[in-house]
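> One line per chain: the protein sequences are W, H and A, in this order. With the first sequence counted from 1, adding 302 to any position gets you the numbering used here. With the second sequence counted from 1, adding 73 to any position gets you the numbering used here. With the third sequence counted from 1, adding 569 to any position gets you the numbering used here.
Since the hints were made in silico from the structure, they are not lab data. Values in this document were obtained by computation on a predicted structure and should not be read as measured data. Keep in mind that a hint or two might mislead.
[Claimed, not checked] Now the in silico label distances, taken between C-beta atoms and shown as ranges:
id	chain 1	residue 1	chain 2	residue 2	range
1	W	Met426	A	Thr759	26 to 32 Å
2	A	Leu608	W	Gly501	44 to 50 Å
3	W	Leu507	A	Val612	50 to 56 Å
4	W	Thr493	A	Phe699	34 to 40 Å
5	A	Gly697	W	Arg458	43 to 49 Å
6	W	Glu523	A	Val619	52 to 58 Å
Just so it is clear, CB atoms sit at the ideal spot from N, CA and C, and this is done for glycine as well.
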Amino acid sequence: MSVFTTVLARDLRLAIRQSADSLTVVAFFAIATVLFPFGVGPEANILARIAGGVLWVTALLAALLSLDRLFAVDFEDGTLDQLVLSGVSLPMVVLAKVSAHWLTTGVPLIVISPVLALTLHLPMEGYLPLLLALLVGTPTVSLIGAVGAALVLGTRRGGVLLSFLVLPLYIPILIFGTAAVEAATTGMGFTPMLSVLGGLMILALTLSAWATAAAIRQAVE
Amino acid sequence: MPCTPGKNLKEINSTTWILLCYGPPMVGENFTAQEFSGSGLACRRGGRLVFEGLQFAVPRGGALVLRGANGSGKTTLLRLMAGLTPAAAGQLAWNGAPVEDAEQHAASLRFISHLDAIKPALTVTENLNFWAALWGGGQIPHALQMLGLGHLAAYPARLLSAGQRHRLALARLLVAPAPLWLLDEPGNALDDSSLAALTQAIADHRARGGMVIVASHGAAFVSDGNTLDLGTFAPTNTAHWSDT
Amino acid sequence: MGASVGQGWNFDVHRFANPTQFMRIANAIFPWAAGLSALLFVVGLPIALVTSPADYQQGETVRIFYLHAPAAYMCMMVYGIMAVGSAAYLIWRHPMANLVARASAPLGAIFTALCLICGMLWGQPMWGTFWVWDARLTSTLILFFLYLGYIALGDAFEDPERGDKAAAILALVGSVNLPIIKFSVDWWNTLHQPSIMSKKGFSVDAGMLLPLFLMLGAFITFYIAVLILRLRSELLAAKIRNARLSQVAVNHAPQAAE
Numbered sequence: 303m304s305v306f307t308t309v310l311a312r313d314l315r316l317a318i319r320q321s322a323d324s325l326t327v328v329a330f331f332a333i334a335t336v337l338f339p340f341g342v343g344p345e346a347n348i349l350a351r352i353a354g355g356v357l358w359v360t361a362l363l364a365a366l367l368s369l370d371r372l373f374a375v376d377f378e379d380g381t382l383d384q385l386v387l388s389g390v391s392l393p394m395v396v397l398a399k400v401s402a403h404w405l406t407t408g409v410p411l412i413v414i415s416p417v418l419a420l421t422l423h424l425p426m427e428g429y430l431p432l433l434l435a436l437l438v439g440t441p442t443v444s445l446i447g448a449v450g451a452a453l454v455l456g457t458r459r460g461g462v463l464l465s466f467l468v469l470p471l472y473i474p475i476l477i478f479g480t481a482a483v484e485a486a487t488t489g490m491g492f493t494p495m496l497s498v499l500g501g502l503m504i505l506a507l508t509l510s511a512w513a514t515a516a517a518i519r520q521a522v523e
Numbered sequence: 074m075p076c077t078p079g080k081n082l083k084e085i086n087s088t089t090w091i092l093l094c095y096g097p098p099m100v101g102e103n104f105t106a107q108e109f110s111g112s113g114l115a116c117r118r119g120g121r122l123v124f125e126g127l128q129f130a131v132p133r134g135g136a137l138v139l140r141g142a143n144g145s146g147k148t149t150l151l152r153l154m155a156g157l158t159p160a161a162a163g164q165l166a167w168n169g170a171p172v173e174d175a176e177q178h179a180a181s182l183r184f185i186s187h188l189d190a191i192k193p194a195l196t197v198t199e200n201l202n203f204w205a206a207l208w209g210g211g212q213i214p215h216a217l218q219m220l221g222l223g224h225l226a227a228y229p230a231r232l233l234s235a236g237q238r239h240r241l242a243l244a245r246l247l248v249a250p251a252p253l254w255l256l257d258e259p260g261n262a263l264d265d266s267s268l269a270a271l272t273q274a275i276a277d278h279r280a281r282g283g284m285v286i287v288a289s290h291g292a293a294f295v296s297d298g299n300t301l302d303l304g305t306f307a308p309t310n311t312a313h314w315s316d317t
Numbered sequence: 570m571g572a573s574v575g576q577g578w579n580f581d582v583h584r585f586a587n588p589t590q591f592m593r594i595a596n597a598i599f600p601w602a603a604g605l606s607a608l609l610f611v612v613g614l615p616i617a618l619v620t621s622p623a624d625y626q627q628g629e630t631v632r633i634f635y636l637h638a639p640a641a642y643m644c645m646m647v648y649g650i651m652a653v654g655s656a657a658y659l660i661w662r663h664p665m666a667n668l669v670a671r672a673s674a675p676l677g678a679i680f681t682a683l684c685l686i687c688g689m690l691w692g693q694p695m696w697g698t699f700w701v702w703d704a705r706l707t708s709t710l711i712l713f714f715l716y717l718g719y720i721a722l723g724d725a726f727e728d729p730e731r732g733d734k735a736a737a738i739l740a741l742v743g744s745v746n747l748p749i750i751k752f753s754v755d756w757w758n759t760l761h762q763p764s765i766m767s768k769k770g771f772s773v774d775a776g777m778l779l780p781l782f783l784m785l786g787a788f789i790t791f792y793i794a795v796l797i798l799r800l801r802s803e804l805l806a807a808k809i810r811n812a813r814l815s816q817v818a819v820n821h822a823p824q825a826a827e
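Just chain W, with the same shape it has in the complex (with noise of 0.2 Å):
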């Protein structure tokens, strides 16, 4: 087996027997959402009118609770020694735990979003792009991320630090995640939107892997 099938399977095996990690992180999303009906009240055009964004927003929040333990238990266990010891390429061993990351909370967010889009109305034409273009910006949600998990390993206060650190560089795939899924409740084309995404995807996809790796190989100095 590869390096990266090697480390994806493990990473997976590992989510699926402690599976109530993923299942906290999705009820986050849906518990974060509904907040926000009791915010700023019920009324189906307002909710309809700001339902993208707000799947949208929590969905990073959702995400960035659980980036904060992609590599901090392989930190504090040793794991991280040993891969770095290991010999194999540390960019693709990232990318697997990138990987392994997505599929366990990156997927199941996107599967429940058109249930919480239902109960802030969403209107039809909305649900298509909200669930592609969470399909093409969560990866890079978790390609940042991890990025940004890397760099606080060993701060004494990892999690606060990690949100200051990555929310600002979420800004774009918040941007473009939202204007996907308004131009198409307003009648336009949604697919440029769904570009930039895939672009920032890919750009996150090169770069991302070696500075998460470079800021790993600092950490276990």
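We have chain W; now place chains H and A onto it with these hints.
Frame of chain W, contents of chains H and A only:
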């Protein structure tokens, strides 16, 4: 787990492979590296210079025991030898040639630290399988048997006692061969029979031409090893820059 | 690994390699930068705030521009310096480059804050509200968060060297992301902003250039002077740490000759 050739065992025929995988005790001249050494090594941790001007050399089949008071840098030196911590000065060398490729260096060593890198949610075998797959090894039943964990192979690692966990960490040494073992206090939490197994594993490894560097202030697992006292290399702290 | 680094300074001082030569140059520059900065402020401020012509549309409020624009320029320039310093540190392991980046960050954050405050004060008479999600203001606000994140990460570690490296990587990641964020925010702004708000007829005419350049010069020289002061104090702080650590080390290893 299929048995695949490790990086240092490229020229071994299939019969030997079967022996290596399933047939303890392992014999044969497996490791070819003649010497692992370091010269002029200095290291800083947390802004403090821990040691400087440190020299060492371990010949083929040799052993080195690191001794020194708390804070003298035994763990730091092991992490430096592993290539995790960069040296502030000096260099490591294989057969006299300086280490340049960090990945290749990492592939020729096994490092046992006080962090056991064990996932409680995986079974004992699954824990070892992961490293075997990464390192290209496959001697898991043998490794578990050597350390008296054979009967626990299918249990989740979270059920293991502290001593059993530590033995599982040590089992990584035997999963896939590598010429250099770096062991940080390997005797901690081990009972007498496990200590005997460890002593035996180290002796076997050395008999095959492997090298062992061990930090320990307790029991001796290594016979006739050289001793390196880190107190000798404590910094003298005289240099200051001139006022600007 | 293991490339031989010259034996020189013990302890923490290693972080800065040999700072003597760098500081010799910096100290020679300091009086010139500080003096020039003071001179430019003394000459530039009265011109900018009193004698320069008022704008025919905005009246006296246009004078905020003479603080706002140089601050806006500085917050971009300082982030650029941080990115270059961080890259030099990560690639060539030049410790002084990183020290410059670390010492610049709070200055950059202050310039960014100044730019934001001026922008808000200017916004009140111009737009009738203190905050508008104008593309430039929004980007500057995000830049402010990036500065704060860099400072927070650099200070979050027990080991100062780890803070150095983590912050340097973050600065590079941030510099790659900044143009993307800027582009996204501009695009978002044109999508949502009614056009009257984003571009209210304002062009810099010739009479404004002199005070603008005087103030910009004053800001740049001010930055250089304060940066040198910060480098000095950082090196002195390292010396103090060095002295303390050596005492700890002596306690740890009594056989070490003092």
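> Could you run down the list of hints and mark each one as holding or not?
Hints, one by one, checked against the model:
Between Met426 (chain W) and Thr759 (chain A) the beta carbons are some 28 Å apart, a value that agrees with the proposed interval 26 to 32 Å. For the pair Leu608 (chain A) and Gly501 (chain W), the beta carbons lie near 48 Å from each other, so the given range of 44 to 50 Å is met. In this structure the supplied range 50 to 56 Å holds for Leu507 (chain W) paired with Val612 (chain A), their Cβ-Cβ distance being about 52 Å. For Thr493 (chain W) and Phe699 (chain A), the hinted distance range of 34 to 40 Å is satisfied, since their beta carbons lie about 38 Å from each other.
A hinted range of 43 to 49 Å for the beta carbons of Gly697 (chain A) and Arg458 (chain W) is consistent with their spacing of about 44 Å. Taking 52 to 58 Å as the suggested C-beta distance range, the pair Glu523 (chain W) and Val619 (chain A) conforms, at roughly 56 Å.
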